[in-house]
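Using the sequences plus the hints, can you model the full thing?
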Amino acid sequence: MFKLILTILYSLFFISSYVNAEITEDMKTRALQAGVIIERDHDPKRTYLSNDYLARDTHMNMQLAYRHAQNNDPEKAAALTLISANRGLDYAQVSIAKMYVHGIGVEENVIEAYKFFKLSEDQTAQNLYLKVIIEKMTPEEIALGDKLVENFIGSYK
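All letters in the sequence shown, in the order written, are residues 2 to 158 by my numbering.
What the hints contain is simulated information worked out from the structure, not anything from laboratory work.
By construction, the Cβ of each residue, glycine as well, lies at the ideal position given by its N, Cα and C atoms.
There may be inaccurate statements among the hints.
[Stated by the list, open to error] Okay, derived cross-link-like pairs now, BS3-like style, lysine-lysine, Cα gap no bigger than 30 Å in a straight line:
{"hint": "1", "residue 1": "K4", "residue 2": "K29"}
{"hint": "2", "residue 1": "K119", "residue 2": "K158"}
{"hint": "3", "residue 1": "K99", "residue 2": "K137"}
{"hint": "4", "residue 1": "K148", "residue 2": "K132"}
[To be verified] Derived DEER-like restraints, expressed as beta-carbon distance ranges:
{"hint": "5", "residue 1": "Q34", "residue 2": "E151", "range": "30 to 40 Å"}
{"hint": "6", "residue 1": "T30", "residue 2": "Y67", "range": "31 to 41 Å"}
{"hint": "7", "residue 1": "Y92", "residue 2": "Y157", "range": "12 to 22 Å"}
{"hint": "8", "residue 1": "Q124", "residue 2": "A144", "range": "20 to 30 Å"}
{"hint": "9", "residue 1": "E109", "residue 2": "G36", "range": "45 to 55 Å"}
{"hint": "10", "residue 1": "G104", "residue 2": "Q64", "range": "20 to 30 Å"}
{"hint": "11", "residue 1": "E122", "residue 2": "Y157", "range": "11 to 21 Å"}
{"hint": "12", "residue 1": "T30", "residue 2": "M2", "range": "36 to 46 Å"}
{"hint": "13", "residue 1": "Q64", "residue 2": "K158", "range": "16 to 26 Å"}
{"hint": "14", "residue 1": "Q34", "residue 2": "F153", "range": "24 to 34 Å"}
{"hint": "15", "residue 1": "T25", "residue 2": "K137", "range": "38 to 48 Å"}
{"hint": "16", "residue 1": "A56", "residue 2": "K99", "range": "22 to 32 Å"}
{"hint": "17", "residue 1": "N73", "residue 2": "T139", "range": "26 to 36 Å"}
If you want it as structure tokens, here you go:
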């Protein structure tokens with residue numbers, strides 16, 4: 002019985018370490034030489050597409066965020082939405098941008114809202130939301146927002 006418990010604990014530790022491991026450049030090089038695919042080609046602004054674990058976790062974060070929003074906990078909802086938005090999930094980017102516009106769960110910040118609306122591939126965000134907030138922004142704020150979009154690199158965390 003003791004051996005079984007030890008085996009299970011070891012397996013769980015190994016699996017969690019494997020799932021949460023960061024892929025280094027050396028690992029990528031060795032995998033390429035061996036002909037093994039450890040990471041899919043993806044847009045660096047859409048990191049959630051890099052592997053199945055991140056894709057699943059990103060979508061689960063959004064489901065939890067919706068649950069927290071329904072339970073009137075906007076701070077937790079915003080925190081989870083921000084994780085998914087930083088991984089490049091377009092509807093998370095629209096959602097967190099709206100939160101920044103209205104200050105729901107996060108401090109009101111029109112520049113961050115602009116950044117996430119601009120990063121999103123959502124057509125309503127591009128054609129409607131951006132036009133509305135640009136009217137309230139100064140040229141300096143727009144320039145700063147454009148710089149944030151240009152320098153944005155999706156998060157793997």
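Task: Contradicted hints - numbers only - done: Failing hint: just 1.
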